[in-house]
Structure formats: C-alpha cells, structure tokens
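Enquirer: What follows is each chain in one-letter form.
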Amino acid sequence: MSVFNSLSNRWTSFLLLCLAVCSLITPAVMVKHENFKTCAQSGFCNRNRAYADNALSTSKWAAPYSLDPASVRFDKGVLTGTISKKTTTNEIVRLPLTVAFYESGTARVTLDEEKRQKGDIELRHASKAKKQRYNEAEQWAIVGGTTISTGAATSKDAEKGTTKIVYGPASKFEAVIRHVPFGVEFKRDGETQIKLNDRGLLNMEHWRPKVDKPAPEKKEGDDEKKEGEEAMAAGSDKEMAEDESTWWDESFGGNTDSKPRGPESVALDIEFPGYEHVYGVAEHAGPLSLKETRGGDGKYSEPYRLYNSDVFEYEMDSPMTLYGAIPFMQAHKKDSTVGVFWLNAAETWVDITKATTSANPLSFGIGSSVTTQTHWISEAGLLDVFIFLGPKPQDVIGAYTELTGYTQLPQQFAIAYHQCRWNYVTDEDVRDVDRKFDKYKIPYDVIWLDIEYTEGKKYFTWDPMTFPDPLGMNKQLDEHERKLVAIIDPHIKNEGNYPIVEELKSKDLAVHNKDDTIYEGWCWPGSSYWIDCFSPKGREWWKGLFRYDKFKGTMKNVFIWNDMNEPSVFNGPETTMPKDNLHHDHWEHRDLHNINGMTLVNATYDALLARDKVEDKHHVRPFVLTRSFYSGSQRLGAMWTGDNQAAWPHLEASIPMLLSMGVSGFPFAGADVGGFFGNPSKELLTRWYQAGAFYPFFRGHAHIDTRRREPYLAGEPYTEIITQALRLRYALLPAWYTAFHEASVSGAPIIRPNYYVHPGDEKGFGIDDQFYLGSYGLLAKPVTKEGQEGQDIYLADKEKYYDYFDFWTYEGPGTVNVAAPLDTIPFLMQGGHIIPRRDRPRRSSGLMRYDPFTLVVVLGNSGDAEGTLYLDDGESFDFQDGGYLHRRFSYASSTSTLMSEDLAASTGKKTKEYLKQMEKVRVEKVIIVGAPAAWKGKGEVELSEEQGGKSSAARKVALDWHDKEEGKAAWAVVRDPGVQIGSGWKIAFP
Amino acid sequence: MKAKDKDIAKFYKDATAFTCISNPATALPIARLNDDYCDCPDGSDEPGTSACAHLSPLSPHNPANGAGAAGSNTTLALPGFYCKNKGHVPAYVPFTSVNDGKCDYDVCCDGSEEWEGVGGVKCEDRCQTIGKEWRKQDEARQKSLGTAGKKRKELVAEAGRLRKQVEDRIQSLGTEIEGSEIKVKQLEQEVADVERKEKGRVVKGSVSKKAGKLGVVVGLAKQRTEELRETLERVRGERDSSTSRLQEVERILSTFKEEYNPNFNDEGVKRAVRAWEDYAARDKGPDVDAAHDRDLDAMTKSDKENGLDWEEYEGDDDDSEADVLYAFESYLPPSIRGWLDQKLRNLRSTLIDSGILADTSAPSSSGDSKSVTDAKDRLTAAEKEVEKHRKTLTEHQDDLAKDFGPDDVFRALKDQCVSTDAGEYTYEVCFLSKTTQKPKKGGGHTNMGNFVGLERIVVDDELPPNGKGLGSGERIAMKHENGQHCWNGPNRSTLVVLACSEVNEVWRIVEEEKCVYRMEVGTPAVCEVLGGGGGRAGMEGKKAGGVRDEL
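Those protein sequences? They're chains A and B, same order as listed. Following my numbering, the numbering of the first sequence begins with 10 at its first residue and continues without gaps. Following my numbering, the numbering of the second sequence begins with 2 at its first residue and continues without gaps.
Don't read these hints as lab results, they were simulated from the structure. Treat the hints with care, as some may be off.
Some chain B residues flagged as far from chain A (calculated, every beta-carbon gap over 12 Å) [said to hold, decoys possible]:
1) G112
2) G147
3) K152
4) M300
5) K480
In silico DSS-like cross-links for lysine-lysine, where the CA-CA straight-line distance does not exceed 25 Å [claimed, not checked]:
6) A/K484 to A/K546
7) A/K516 to A/K552
8) B/K123 to A/K565
9) A/K925 to B/K123
10) A/K691 to B/K515
11) A/K448 to B/K85
12) A/K921 to B/K123
13) A/K445 to B/K480
Ideal placement from N, C-alpha and C gives every residue a C-beta, glycine not left out.
Just need the whole structure built from these sequences, with the hints factored in.
Expert: Written out as structure tokens, the structure is:
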C-alpha cells in the first residue's frame, strides 16, 4: 500500500515535471478562453437567448410589442409611431419608432425608449452616466446616403393590421409593417426578402427601478457562482419569471460592472427567407459563409460576438470576438443579395440558425429551400437597423458604403510592401535593413517601428540610446521614396516629467472611471491613462501632437500605426476597459465600446492632415493602420487581423478573413505575413509571401521573441521565390491601385469571393479559399498547406482561363488542377480582360512613377476584352482637382481593334498639369494572350494616336507572334507601340 | 575592370547591326540598340536603359519577359549600366536604378544613369568632389592599412615569443616531471620500509585501553548513534514536507508560466517567468531516489536490527595475546627490553607475513603509526606534484596544438578585451575568451557566450568610406557559445567577425535574432591574411556592392 502510494506520488511528480518541462518547450498556443465571456457569462446575451428559447418553445408565443395604428404618421419618406411593450407586470412601456426611407433604396428602422429618451429615470450608485440610450453611433459611422426618399409612399392596398410603404428604385421595394405584434417584412418585386421580428424575439429591456426583494435565502456556495453562471440556474423552472440575477451588477474575472442603468439590452430577430448563405459580421476567424451558432454537428454553440478585444493567440474557426466589429450582414441566394446593418456600438452577439423549409406549398414539386434566421443582441443603445434589398452583391455593399463611407484612396506606397518587426531596435538597424533590401534587389516601400523605439513606452518620444538620429534615418529612407510607420497607441504613460501626460491630465482629456475621475489602467508602459477621442477637445489636442515640431524626429514620410485601440487594458475586464467607465458627455463605455478604436484612428487621420502647413499645397494623404475598427473605419486607412501565428492554419484562415473584410466594406485589410507569434518554416514563410502578395494590405511582421525573417535572410531558393512574389505585387500595382480606386468610389471589394463575382453560381457560394483581384478576372488561389504541390481551382463559368505565368489554358466550368511547386502561385487570368502592369523592377513603388506600362489583353470565348486603369500621383489630394487619368482599354474582335478611351468623370484645375507630367509615360508592350491564329505571320499592326482631338497619321509597329504550344495559348506581342498611357489611341490588328 | 569593359565594348562597335551577346542568332538593326525596349533574351541590346531590368530569376516567370524561345540564354549579359565616373573609379549601376529619377551618387558619381531626366531630375557630375574625397579617404585607409600591417607583424612576433615561452616551459616541465618521478619511486621505497618496520612493532593500539574505558566509549557511541538516528528521522521528515511544498510551488509556477500572457510585457512578470525558466532548466540535483530512501529506512532502524548489539561491547574485554606480551616485557631491564622488543617485532612481522598472526595494524587507518603516515604523506605529495606537472604539461601541449589563427597571431591577443557602447549596454569581447553585455545603468553582466573556436565565414558587405567594416570575402570569426540562457530563447551565442583595422575595436553589434549576436570587430591580427581580405579597403571593396549584378 505504502509502496504503491509512494510510487504513485513519484509518478505524479514525474508527470508534473514533464508538464512543467513541456510548458517550457512549447509556448502556450491556446487562446485564454477564461479571459473572455461566453454568452452564458454575459448577462444580457444569456437573458436574450433564454428569451428566444422561451418564445420558440411555445407555439402560443405572443410577442409583447405592438404598434399603435393611431400613432402612425408618414411624412416625407419617414414613418413614425409608438410601439407599446407590455411588461410581465402588465405595465405599458412606450417605444418611439421611426422608419426612414432613403433615396438610395435603403430603409432604416429605429426604436428608442421614451422614458430614457426624456431622461425620466434614476441611476443607481449616484452615477453621473448619461441617461439616454446611446444615439451618437451614427455621428461616427454614417457619413452619407441619408437623403430622404421623395418617392416613398404609403400604399393603399395594405392588408388589415398592416401599413405598407412602397419605395426604392422604380418603387420595386415594399416595407409591410405589421401592427400586432410589431414586425416588418421587406419585399423586392413582391417577394419577401427580410423579416424583422417574425419569430417575436424583439426585446428592448425597459428601464425600471431596482426593487429590493426580501433576499432569497443564500445557499452555501452561491458566491462562487457569481461569475455569470447563476443565470443558468434561474429561470428554467418558472416559465415567465424574468431572470433578474444579471440586471443590477455583473462580475467577470474579478471585475464588477456596476450597471447604474440596470438592464437595457436590445434584441431582434431578422430572417432571410430562402437565403442559405450569410456573410459579414466581421471580424472573426472562421469561414466566409457564416456558420450556425446554436450547436450541432460542425456548428458553433456560441453566437458570433462583436466586442472589440485584444484576443491573445486567437483560435481558428471560431465565432469568438476579435479586434474589430462590423455589424453588417449580407444574405445571398442565387442571383439575389440583401443585407442588414445593425448600427449599435455596444457589445453585440449574433445567433444564426438555418431552417430547411420543405417544398413551398404554393409551388408544388419545387425543392426545399433554406432560410437563415438571425438573432441580434446588443447590451445597450438604440435598436437601429438598416435594410438593403440588393439585388446584386455590389448593390448591397454599395448602399452600405454609401452610408458608412468608402475606402480611403490610399497613397500608392500603402498598397506596396511593408516591412515590419517588433522591433527594429536602432536607427542603424533600420538603415541596415533598408540597405539590405536594395542589395538583394527586393522591392519594399515602408519600414515600421513597433513600441520599442520610444523612450520607456512614452509615445511621441524616441529612445535616445537606440534612436539618436531619427531624422537621419527618415532621410535615408526618403532617398528611395520609402516611408516609416511608427506606432502610437492610445494609452499614455503615467509618469512624471512627461509633458504629454501632464497635458492630458491638466486638460482633463482622458477617459474617466465610474466615479468620474481619471481612469488609470495598465498597458505597455505600466500605469497609463487613455485619451478620450470622443471628446472634441481631446481630438483637437491629439491633432496637435503630430506636428513636426511637436513629434520631433518625424517628417513627411512618417506615418502612423494605431494599435491597442480596442482599447487593450491589461488589467481590465476581458483585457479592455470597465463598461461603467465614462467618456465625453458622460456616455458609458458600454455604449460606445466598439466605436472607441475608430475614434482614435479618426483623430490620428486628422492629425496627419493637420501637421502640414495650410499653405503647403502638396498635402499628402494620411496613412493610419488600425487594429480595432468599426463600420466607417475604412475611410481612414488599413486594418490587419492582429496577432496571428506562424502556423499553416493561420495562413489558411487569413484568406476567408480578408474576403470577409472585403464584403464588409473595409477591403484595405491584411494579415501579418509570416505569422506574428512563433517562427515560420522557410516553406511557410515563402507560401505566406505568395499569399500576402494578394493581401490588399501587404505587411510582413514578427513578434519580438522570434528570429529575424526579412526576405533576404531566407536563403535560396526561398529568397528568390519570395522576391518573385514581391515583384509580382509591384508589377501589378497599376491593377491594384485601380481596384483601390474602384473601392474608393463604390465600396467594391478589392479581392472578391466567388459569390460576388458569380452571384448566380450556387456551387461557389461557400468558396472562400480563392478570389478575384479587382475587376480584372485575375483569379488566385495561394497554397496554404504544407507540402502541397498542386491546387484545385474552381472555375465558375464557361470561360477560358490562362495561367498567369505560362499561359497554360484551362476551361470552365468545373474544377481544374494547377501545378503549384514551391516557386509557383496558382494564379489564372480569365478571358475577356485587359490588365495594366509595370514590369520594370524598381527599389520602391515611388521610383516606378514614370515607368512605361505593359498591357496584357486576355482573349476569351467572345474574343473581346476590356479593362481600366486609374492613375494619379499616388500621394496627394490633387486627384480631387482632376489630377488623375482614368482610361478604359477595350479590344473588339469584330474590328480587331484595341483602343484607349477616357473614363475620367470630369476635369479639374490639376488635370492638365498631371497629364503633362505623364506625357512621356508610354505603353511599351501589349501582350495578347489567346491571340487569333489569323495573326500568324502578319508581323505588323497599325496604330494611330489622338492629338489635339484628332487622330494622327497611322504608323506601323511590329507584332511578334508566338504559336500555341502544347496546352498553352498562342500569344502575340506588339513591340513598343509607344503610345501615351494618358491619351487616346487605337491599334488595328490584322 | 577597365579591361573587362573593353571586352564588353567590342560588342557595340558595329554601327549598322547588333548581335545579342549571349544569343548570337538574334541580330537587330542598330536602331534597336538602347531604344528602351528589351529585344535580346540576355538584355544586351539595352546597356543604357532599364528596359531589360526585369531579366532576372528574381522576377516572376513570364513567357513574354524572357523574350521567349526555349534554350536562349536569359542571363543578363551585362553587370549593369556602365558609369564612366571620370575623375573617380568606373562602376556599374544595377539596371533597376537606371532612369528612376534618383541620382545614385554612391555608385555613379557622374550622374550619367539618369540621362533621361525623368520627373525633371538632373544629376550633375560630382566625380571631382567625390573622387577627391574618396582618394583622400583611400589614402588614409592605405596608410592605416600600412600601420595595421606593421601592428600585425608585432602581434605575430609577440605571438611567437609567447609560443616560445610555452615551448620552453614544456621542456622544463619534462625535466621536472622526470625528477619528481624519481622522487616518487624513492618515497615508495621509503613507505615500504617504514611499513615493514611498523609491522614488527607490537602494538597495543586501541585495544590497549582499559576495558572500562571501552565500555564508556561504547556507551557514548550508542548514545550518539541514537541521537543521530533521531536527527536523521526528523530531517527526513522535514525533507519530505519541503519536497512536497517545493512541488506545490513548482506546480504553481509552471501553471503561472503557462497561463500568463507574454504579450503584456509586464517586466515584473517577465522577470519572474524568466527566473522560473532558468530554475526549471537547471539541474535539479538528485531527485528523491527509492534506493536512497530504502537506505534511509534501513539506517533509521534500531541498531540491533542493523546487527549492532551495543551490549556485546559494553562488558570488559578479555586480554589479548598482545597484552600478555607487554605484561611480560615490562619485567625486563630496559636494555634487554629494547633488544627483545626488536626481536619480538621481527618475530611478529615474520608471523604476520606467514599468516600465523593477524595483522592488527594494517586494516585500521588510524592504526598507522605516525612514521608510516608521514612517509605516505610525503609520497602522496610527490605523486600529486608529478600529477600537477603532467597536467600543466598537457595544458601547454594542448595550447600549442590549439588554433590561434594564421601565424598563431591570436596568441598575442588572448584575453585582451575591447568594448563598445550600443544603446543601454556596453558590449565587450575578450579575445579567445568570451563576450559580455553590461548594462550602463548598472546591474549584472550577461555572458553572451564563451569562446569555442575560430572559423572562416564568407561575408558580403559594402565597405564604408572609413574602411571600418567587413567588406566582402572570407573572414575569420570567433565563435562563442553557451552564454547565459535567454528567456523564451536559446543560450546566448555570439559570432565575432573580424576584419583588418589599425587598432582592436568593436564596430558593430547586432542581435540578429533572439539572443544570437553578431559583432563586427576590427583588429590588426587579421590584416593581409585570407588573400587580400580582412576588410582590405580600396577600389574593390568600395565598388563591390555597386557593380554586382543580381545574378
């Protein structure tokens, strides 16, 4: 016995030792689940899920919300009315309703709570928090598209008990508002697309005073259940009794939320009848087509969560929240896309379930269809939802981005390659990396500095030991038109002799705690305060900090990275701020949490604009990278997917994540190439560069504890292959820049998923590992698996596709296999497009400014092709004054003519100057892929140029013919047509 | 270099047509030479433009870029754009830098590579100034190299002297060892003699004590054994409880290490984790071992169970034969007693030697008489001395065999230290010893690796104008390994790459990756070795980076 005991003891200690040793060898690679709430641990989420379970479990469920028909008014495109909520104690709560119809065809349903609206409530704990439901989200998120529709009108033929509004383009849209219980059906062409409150899950928790009931006898061990779990226990037995356990305060991870306003959540069910796929509600590490969330095989059991958080080592395939939130969702079915935008900045959870409806009883024999049901739950704020009825994906994204703003047209350098590391440790280190890139002939545009450049993590300072000469460093970078991006975070170190923090304190510009005094938390510098960018004064002050004479050591080629802006607070609940913290105007942090990150970026963007003198005409467009974001952040810069890992699954996940960002109106997105944590194998690094060359935001980054991995360190053949990928990106920059321009005027994604490009192809709706670049028919499917040497690419249409690198020809529809040894990126050109390129390798994109163009004309089944080119100086706002060129190239098989036409919307005072500047920039080569056999042996084309509105005399130029080889297309090259890129011309082929 | 350019120039002599250098099958009309369109698969038709800059394995594959035809040589025929740099040294600029709107004066001081003036750029000819400055620096460099060369000679001479010292020492050690060995032999003999003598002596030894005294001793011993056993038991109990407490603490710490968030960079936490890792990585010492425990069990049993019955010893001893002898002896007159004593000793010795009498002196160490002990001590001392000499000899022989670099030159530098300040630290390298990082603000020094050997590595750096850099070619490097363990990383290591310099100096220190350092150090010791390398300045070094093409 005793022997056995001591033996087992020794075994235990041995195992423990093993455990200890193992934990030393493999760094912990798991997300810290216990740091983040589950729905059950989040009081309002749990309450609303229980509400839904209760409603859905009884067939006689009557939603307690009804619209008083007598209150309904419709005036100039806006319907108003009052909804009455009958409480469990039979009180009536009045909820003002607004339904607005916009000129764009977007409808908006807003619900408020009268008592709170009027401030007719009492707060507990003598709180100074604002009494209203947060109604300022739109001030941050919405920038346009809210012109009230003049055509919207009530319809006479509404059924009894409903109000019907006809609106939208050609009055094809209808909103049918059911009075009791309240609900809305949105129709397009008479067919229902979206239903609000059809399942009766609408819930707006009204204000009520806390009634101190005789305390239920406390059982032993109740205290331990405090962490949100008690909700589970209560409520189940008594059917209608409301679970009040999380109404008045809630604790998690040792932090208690005082909840001075009591329960105040808003929730609504939104149904997409007949739609099987929904996309959006970024940011999550999961598939593009969202999964169901109420359990079951291959489904999540947690709702998608939107609560911007610094999630350390996030996990793959999870609905867990990440750094940013875009509460915009699209539903898609064959040839139809619709969408909703849930404008709420508080913590939000979205449940998704799909119901298969058997054959429609009205149309016998037609197969079953799937309906997606969603349940949106926010902790506080208004119920404010926008409805988009499509029908095309671009219609929905276009309408959404019209509201929240289009992607900023970035400077050209920003879409080239960025080299980052935590950290380049000295200014000499930066100069050395800069020289090494040149030495190895690898192009790059931007080098980055993480937090270590500062003196003791005090932003706006340089460590005098390691960065004694930042200006010298920046000047060296500027010699080859390169930029520096330096990090500036929102936490300001609480330390003496630091003027920034002194000002922050003396001017009272920091976020406050629940007692309305300055909030102190812990972040990189240790004890810190947080700038409150909701405050106009705070933003004004922030703006001043970036002036060249204030942030010494910076100059025009220095740009900013805003990290940790969720905000990340190391010692806060869920690594962020307490929800009862107070911001400007006494809004609680809970009200606006998800917008917080965007306000910092907004202030930084303004600051970068303001640092140049007004009389300095050549303002440069700001560049700001953010980790945290919300709807609208796309106007301000780029985002990246945060702290990923140097592991294959993270490479794989980056593609659906970025596609999701693209269809969420924020396409300027990237993932850390190489993976932030850990050391990638050379193969992984190489594959990651090949994928990264297709990230709209393309940056290599690495954690401070990893080995150096600049491309030139990889060694052969890796360095060579990585350089090819980088040069591919640079050669295609004209196409990328044009795609960005398109995004900046229409919200279109830059890399596009299959459903977006082929909305009628049902087989492709779930595909999220391949994508198209812009409108160029360039189809890429980077390898994301170790050791993989071939790639199956899905071709949606019956069209010719050519391998980008060797013109091997494939034909759709169906799946084709493309060889993909390590030095090859599976990358195809769809027939019918013209792709602009600049093939001369340079040290940076700025040095390509005057290089000639190559046009690749890809002929498909029809024999026609077209493509566009947008070009401007790539740095200033001159394009707003017409300082750009926008061309459309088209090849018509009927006339065998390739021509360049002007697409410019208008001219301005900078047009002439810019075109003059680009006068010598020519087309040096036209490559025709899939060239007609008839050209063989012809040897010449005839071209004429537009000069002063007239055609010049035709001249002849050589045409080199290359015959078809086995499997590969025939191709031809027009040798140096020499025509201007910015003017009109025609090339007549034989 | 000039000659090579003439070699190239001959391809461009023909005024009517041009034949691609590596693809003579392709002939072009002369108008296609330098017309900013790449016609030759090897790019040789565009020596003056960037039109063929894309011809490189670094560019993405493209049939239309390689100018097609399989089998044609697509390696760039030219190393770059040729800058005459009149007044300075001619050089090649990479084609990727031609007509990009930036003057590359570091390579092309005459600015000729921006002949097209794109974006309005004008690169004036600066060769006069740059060339002059360069010549000045080059002169200084040459001078410095001359001095460095002299210094190296001095070092080699010094090394030779040091080597001689070692050789001399080896020789003298040989003699000393010989002498000592003889001494050892003598002493061995002496010990044998003394022992023989001792054996003959009739010893009363410990047993001569009165039985009563023995009884007291036994009693005391018993008591003391008892005490020791009790203490051992108590200490064992304490050990067990400490062990379990330690295990608990280790469990807590390993959980802590596993669950804390390294990304939060809390220095306090990081330090604690680091300390724990260091602790966990260290040799834990003997674990609780079953056999050891069993021994303890046995030891703590009562003496009787261990076969020791004190009672047996507590009673009076019987007189031994020795006592009888002594008793008899005491009645004789001293002179006879002396004689008899001697005889008896001899007899005893004989008896012992022939196995008739038990030898009471040999087995007990305390039994040796002082004279034997002394003799043995002398022997041991002599043996130790031989041992020591031999060890020293081996050391010196090893030292001679060791790689001290060409001409044994590092012998002269061994243990000499040079240091430099970088950031918050002072970095020090002691030749053939170790590298150290010392915080300027004070605090413990960190060992960045101990010297393990010399090796040769190939470097390819551009030499700065002052010549303080590695340049390119093969260099001698000192490898240092197994420095202090690094948090979340390996044991620190440093590669110290050496190049020629007038004085010993640290030029550069970089942490190439987590706790892997590289130092660039100048020293006269490596001048003029490795075929003109050692960071030899001059045209080659200066221009190497500029003209190397990307193939």
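Enquirer: Would you mind marking each hint as holding or not holding in the structure?
Expert: Outcome of the hint check:
no. : hint             : in the structure
1   : G112             : 15 Å, holds
2   : G147             : 29 Å, holds
3   : K152             : 28 Å, holds
4   : M300             : 17 Å, holds
5   : K480             : 18 Å, holds
6   : A/K484 to A/K546 : 33 Å, violated
7   : A/K516 to A/K552 : 14 Å, holds
8   : B/K123 to A/K565 : 23 Å, holds
9   : A/K925 to B/K123 : 18 Å, holds
10  : A/K691 to B/K515 : 17 Å, holds
11  : A/K448 to B/K85  : 21 Å, holds
12  : A/K921 to B/K123 : 23 Å, holds
13  : A/K445 to B/K480 : 24 Å, holds
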